[in-house]
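Make the full structure from the sequences, and use the hints.
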Amino acid sequence: MLANYGYVDGTGDYFIVIDTDKCDACEECLRVCPERVFEVAPDAYGKRVARVRDEVVTKVSYVCPGPRGCYASIDTNCQRVCQPGAIAHTWGVAAAVVEEE
Amino acid sequence: MPYFAGIDIGSRGAKGCIIEDGKIVSYFIGDTGPESVKTAWYTFEGTAKPVGLEVKDMTYVVATGYGRVLVPFANENISEISCHAKGAQYCLPSVRTILDMGGQDCKAINVNEKGVVTKFIMNDKCAGGTGRFLEVIASVLGLTIEQIGPVALTSTEKFPFNTVCAVFAKSEALTLLKKGTPKADILAGLHDAIATRCHNLLKRVNIEKDFTITGGISKNTGMVAKMKEKLGLEPVLMEPDPQIAGALGAAVFARERWLAKQGQPPQ
Numbered sequence: 000m001l002a003n004y005g006y007v008d009g010t011g012d013y014f015i016v017i018d019t020d021k022c023d024a025c026e027e028c029l030r031v032c033p034e035r036v037f038e039v040a041p042d043a044y045g046k047r048v049a050r051v052r053d054e055v056v057t058k059v060s061y062v063c064p065g066p067r068g069c070y071a072s073i074d075t076n077c078q079r080v081c082q083p084g085a086i087a088h089t090w091g092v093a094a095a096v097v098e099e100e
Numbered sequence: 000m001p002y003f004a005g006i007d008i009g010s011r012g013a014k015g016c017i018i019e020d021g022k023i024v025s026y027f028i029g030d031t032g033p034e035s036v037k038t039a040w041y042t043f044e045g046t047a048k049p050v051g052l053e054v055k056d057m058t059y060v061v062a063t064g065y066g067r068v069l070v071p072f073a074n075e076n077i078s079e080i081s082c083h084a085k086g087a088q089y090c091l092p093s094v095r096t097i098l099d100m101g102g103q104d105c106k107a108i109n110v111n112e113k114g115v116v117t118k119f120i121m122n123d124k125c126a127g128g129t130g131r132f133l134e135v136i137a138s139v140l141g142l143t144i145e146q147i148g149p150v151a152l153t154s155t156e157k158f159p160f161n162t163v164c165a166v167f168a169k170s171e172a173l174t175l176l177k178k179g180t181p182k183a184d185i186l187a188g189l190h191d192a193i194a195t196r197c198h199n200l201l202k203r204v205n206i207e208k209d210f211t212i213t214g215g216i217s218k219n220t221g222m223v224a225k226m227k228e229k230l231g232l233e234p235v236l237m238e239p240d241p242q243i244a245g246a247l248g249a250a251v252f253a254r255e256r257w258l259a260k261q262g263q264p265p266q
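Residue numbers (numbering that gives the first Met the number 0), protein chains in the order written: chain Z, 0 to 100; chain G, 0 to 266.
Keep in mind that the hints are not guaranteed to be accurate.
Straight-line Cα separation of at most 27 Å, DSS-like style, residue types lysine-lysine; simulated pairs [unchecked claim]:
(1) Z:Lys58 to G:Lys124
(2) G:Lys124 to G:Lys178
(3) Z:Lys21 to G:Lys229
Derived, one-sided and incomplete: chain G residues facing chain Z with beta-carbon distance under 7 Å [said to hold, decoys possible]:
(4) Ile77
(5) Ser81
(6) Leu91
(7) Thr117
(8) Lys118
(9) Asn122
(10) Lys124
(11) Leu232
Think of the hints as simulated: they come from the structure by calculation, not from any bench.
The structure displayed is predicted, hence computed values, not measured ones.
Note that CB positions come from ideal geometry on N, CA and C, so glycine has one too.
What follows is the structure, encoded as structure tokens:
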């Protein structure tokens, strides 16, 4: 499942996209995110996967500056540490990644 | 036979559905009140009483929607996205794309032949272009929510709106009314703006046949016609009522979860 968490507002599209088929619930993203954007919980079909916390979904662009502006270094942001490559952002660096697919 | 119930406490509407043997026994649609627990009980009673059932008759209950954590008699709660997909696909097995137009949010969902969500996107940051927005506009125009769809269809020249912001669109509609613009043209313009917004949301998932619209706005004939015009696809609406997709999906989940707990594979 490609889960889009976020919104569109007047300034652009702000979605964190998590591919739950790729996610292996390793919790690396939880460990590295300085803003605690993620949590790992079972989805409706019983698989444990990473998701964006409910409190963050409606303010994601204020909480998360995107991978390029992340306070974690470029090598330790969520997208980089995710071994299966399950995380993408529709703003910041990741825009190119989304379009390639 | 075991009964399974699904309770969907939405932001505006509270829906209940009871199934037995894979068939809908009863369903109910009411308003969501300020007290979630009370709303949950009244939704359940509205669904169960007419067919002479009580909570103790239910084998498994699943709650969904915004208010899902405050349903005291539920065995489990499941996100509304999964439930909507399950419910719509259960009624219309050929459905692959679902647009849920609810009271305060809009969701676009792709679902596979098993009723499992493959892609979803939800916009619940702003109420522009949702059911609540249409209610506000209807009251400005002195119409009921049921009337606005058919009235919009009578428009000959739609007025172009640049905004679906509930606050700005309300004042713009008021200004137009004072100028003597026909209500039908104002409504047609607003329906068009909302349809464009939903179309943009749908572009983030795959727009595949069959396409269905669920949620309260699916009963608005003007909106369904606009979505058809934007997408070039005829929306197939679910029976008996497209607003109960979430509650029905929750009931179907309840049955699957119970079967799984009995050690039987879901059928």
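Structure-based check of all given hints:
Restraint check for Lys58 of chain Z and Lys124 of chain G: the C-alpha separation of about 8 Å stays at or below 27 Å, so the hint holds. Among the hinted pairs, Lys124 of chain G with Lys178 of chain G is inconsistent with the structure: their alpha-carbon atoms are about 32 Å apart, more than 27 Å. For the suggested pair Lys21 of chain Z and Lys229 of chain G, the alpha carbons sit about 33 Å apart, so the restraint of at most 27 Å is broken. Nearest Cβ of chain Z to the Cβ of Ile77 of chain G: about 5 Å, under the 7 Å cut. The hint holds.
The restraint placing Ser81 of chain G at the interface with chain Z holds, with a minimum CB-CB distance near 3 Å, inside the 7 Å limit. Using the Cβ-Cβ criterion of 7 Å, the hint placing Leu91 of chain G at the interface with chain Z is not satisfied: the shortest such distance is roughly 19 Å. Here the hint on Thr117 of chain G is kept, as its CB sits about 6 Å from the closest CB of chain Z, short of 7 Å. The interface hint given for Lys118 of chain G is met, as the beta carbon of that residue sits about 4 Å from the closest beta carbon of chain Z, less than 7 Å.
Nearest Cβ of chain Z to the Cβ of Asn122 of chain G: about 5 Å, under the 7 Å cut. The hint holds. Because the closest C-beta pair between Lys124 of chain G and chain Z is about 4 Å apart, less than 7 Å, the hint holds. Interface restraint check for Leu232 of chain G: the shortest CB-CB distance to chain Z comes to about 21 Å, outside 7 Å, so the restraint is violated.
The structure does not agree with the numbered hints 2, 3, 6 and 11 stated previously, though it agrees with the rest.
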